[in-house]
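Novice: Given chain A, put chain B in place with the hints provided.
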Amino acid sequence: KQEVTQIPAALSVPEGENLVLNCSFTDSAIYNLQWFRQDPGKGLTSLLLIQSSQREQTSGRLNASLDKSSGRSTLYIAASQPGDSATYLCAVPNYGGSQGNLIFGKGTKLSVKP
Amino acid sequence: EAGVAQSPRYKIIEKRQSVAFWCNPISGHATLYWYQQILGQGPKLLIQFQNNGVVDDSQLPKDRFSAERLKGVDSTLKIQPAKLEDSAVYLCASSLGSPGLTGELFFGEGSRLTVL
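The listed protein sequences derive, respectively, from chains A and B.
Take the first sequence: its letters are residues 535 to 648, numbered as in my numbering.
Take the second sequence: its letters are residues 28 to 143, numbered as in my numbering.
Just chain A, same shape as in the assembly (with noise of 0.2 Å):
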C-alpha cells in the first residue's frame, strides 16, 4: 500500500531565505508526482507535475526534483518570500489503485516571515 510522507510538518523561515520541502513515497512504482499548494480555507493549487521519466521541473522559483528509485522528492523554493506562505502537499498516484487516483501526504505547513 502505497504511503506518501512529508517532513517536516511545519517550517517557519526569515523570508529571502531558499528552503527545502521533503516527499518521500514507500512504492517507487509511480507514475508521477505532484506538488500542491493549499491556502488557508482555499482547495489545491497545483505547482509543479513530475513525471516519472524526468528528473526534476522548474517554475520560477520553483523547482521540484524526483528520484523514484529512493522513493522522494523534494520541493526547493528559492528567495522564498510572506506570499510563500501556505501548506505544500505532494501526492503521488496509487498505482495498484483503479485508474491511479491520488495519494496525499500531510503537508507542509510554511510560514515565510517578513
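Just so you know, these hints were derived from the structure itself, not from any lab.
A few of these clues could be false.
Stated by the list, open to error - Incomplete in silico selection of chain B near chain A, CB under 7 Å:
1) Asn-78
2) Asn-79
3) Asp-83
What the hints assert, rightly or not - DSSO-like mimics (lysine-lysine), calculated; alpha carbons at most 30 Å apart, straight line:
4) Lys-71(B) with Lys-640(A)
5) Lys-535(A) with Lys-105(B)
6) Lys-640(A) with Lys-89(B)
7) Lys-640(A) with Lys-110(B)
8) Lys-71(B) with Lys-38(B)
9) Lys-643(A) with Lys-38(B)
10) Lys-535(A) with Lys-89(B)
11) Lys-105(B) with Lys-640(A)
12) Lys-576(A) with Lys-647(A)
13) Lys-640(A) with Lys-38(B)
14) Lys-89(B) with Lys-576(A)
15) Lys-38(B) with Lys-98(B)
Unchecked claim - Computed spacing ranges between beta-carbons, pair by pair:
16) Val-547(A) with Pro-108(B): 26 to 36 Å
17) Ala-563(A) with Lys-71(B): 13 to 23 Å
18) Gln-68(B) with Arg-606(A): 20 to 30 Å
19) Leu-553(A) with Asn-78(B): 39 to 49 Å
20) Leu-97(B) with Thr-592(A): 38 to 48 Å
21) Gln-68(B) with Ala-563(A): 17 to 27 Å
22) Lys-71(B) with Ala-544(A): 41 to 51 Å
23) Gln-68(B) with Ala-613(A): 22 to 32 Å
24) Thr-103(B) with Asn-552(A): 43 to 53 Å
25) Ser-34(B) with Gln-585(A): 26 to 36 Å
26) Ala-612(A) with Ser-85(B): 34 to 44 Å
27) Pro-574(A) with Ala-47(B): 44 to 54 Å
28) Pro-574(A) with Ser-85(B): 28 to 38 Å
29) Asn-552(A) with Asp-90(B): 43 to 53 Å
Backbone N, C-alpha and C define an ideal beta-carbon position, used for all residues, glycine too.
Specialist: Just chain B now, kept in the frame of chain A:
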C-alpha cells in the same frame, strides 16, 4: 479557462441532517473526483468518476454518502444522515484522464462542512 466550480463554500448542519455539495468540472475533463480533507490531514479520495461511470468508490461510506455524475459533467455528493466526524472540507477535482496516465488534477475551492 474556467476552473472547477463548487458550491456551497460553507455549510453548517446538525448531526443526522442531510447535505448536498455540487461540482462542475473543467470543460472537457472526463475524470471527476471527490476528496475529503479532515483538518490537518491530506485529502482522501471518496469517489472517482470516468465520464458518468464510477471507477473507484472503495473509500466511500456508502451507508451515508452517495454521489452521482449525471450526463458525465456536473456531480453531486450527498451525506445523509451526517455525523460529527463528517466535518471536513469536501474537494472536487477533475482531470483529462486518470492521474497515472495524463497527469494533473485541478481542484476546486472546496466545500467546508461543519456538523454540530
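Novice: Quick check on Asn-79(B) please, does its C-beta sit within 7 Å of some C-beta on chain A?
Specialist: violated, 15 Å
Novice: When you take the CB atoms of Gln-68(B) and Ala-563(A), is the distance between them in 17 to 27 Å?
Specialist: holds, 24 Å
Novice: Check whether the Cα positions of Lys-640(A) and Lys-38(B) lie no farther apart than 30 Å.
Specialist: Answer holds: Lys-640(A) to Lys-38(B) is near 24 Å, not above 30 Å.
Novice: Check whether the Cα positions of Lys-640(A) and Lys-110(B) lie no farther apart than 30 Å.
Specialist: It holds: about 23 Å lies between the C-alpha atoms, which stays within 30 Å.
Novice: So does Pro-574(A) sit 44 to 54 Å from Ala-47(B), Cβ to Cβ?
Specialist: Given range 44 to 54 Å: violated, Cβ gap about 25 Å.
Novice: Compare the distance between the alpha carbons of Lys-38(B) and Lys-98(B) with 30 Å, and conclude whether the hinted pair is satisfied.
Specialist: holds, 26 Å
Novice: Given the hint of 38 to 48 Å, is the C-beta distance from Leu-97(B) to Thr-592(A) inside that range or not?
Specialist: For Leu-97(B) and Thr-592(A) the Cβ distance comes to about 41 Å; the hint holds.
Novice: Does the structure keep Lys-71(B) and Lys-640(A) at a Cα separation of 30 Å or less?
Specialist: holds, 10 Å
Novice: Run the distance test for Lys-535(A) versus Lys-105(B): straight-line Cα separation, threshold 30 Å.
Specialist: Status holds; Cα separation ~28 Å.
Novice: Please verify whether Lys-89(B) and Lys-576(A) have alpha carbons no more than 30 Å apart.
Specialist: The hint holds at about 27 Å.
Novice: Should the hint that Val-547(A) and Pro-108(B) are 26 to 36 Å apart at their CB atoms be regarded as holding?
Specialist: Taking Cβ atoms as reference, Val-547(A) and Pro-108(B) lie about 45 Å apart, which means the hint is violated.
Novice: Hey, does the Asn-78(B) contact hint survive, CB to chain A under 7 Å?
Specialist: violated, 12 Å
Figure legend: structure checked against the earlier numbered hints; hints not met, in rising order: 1, 2, 16, 22 and 27.
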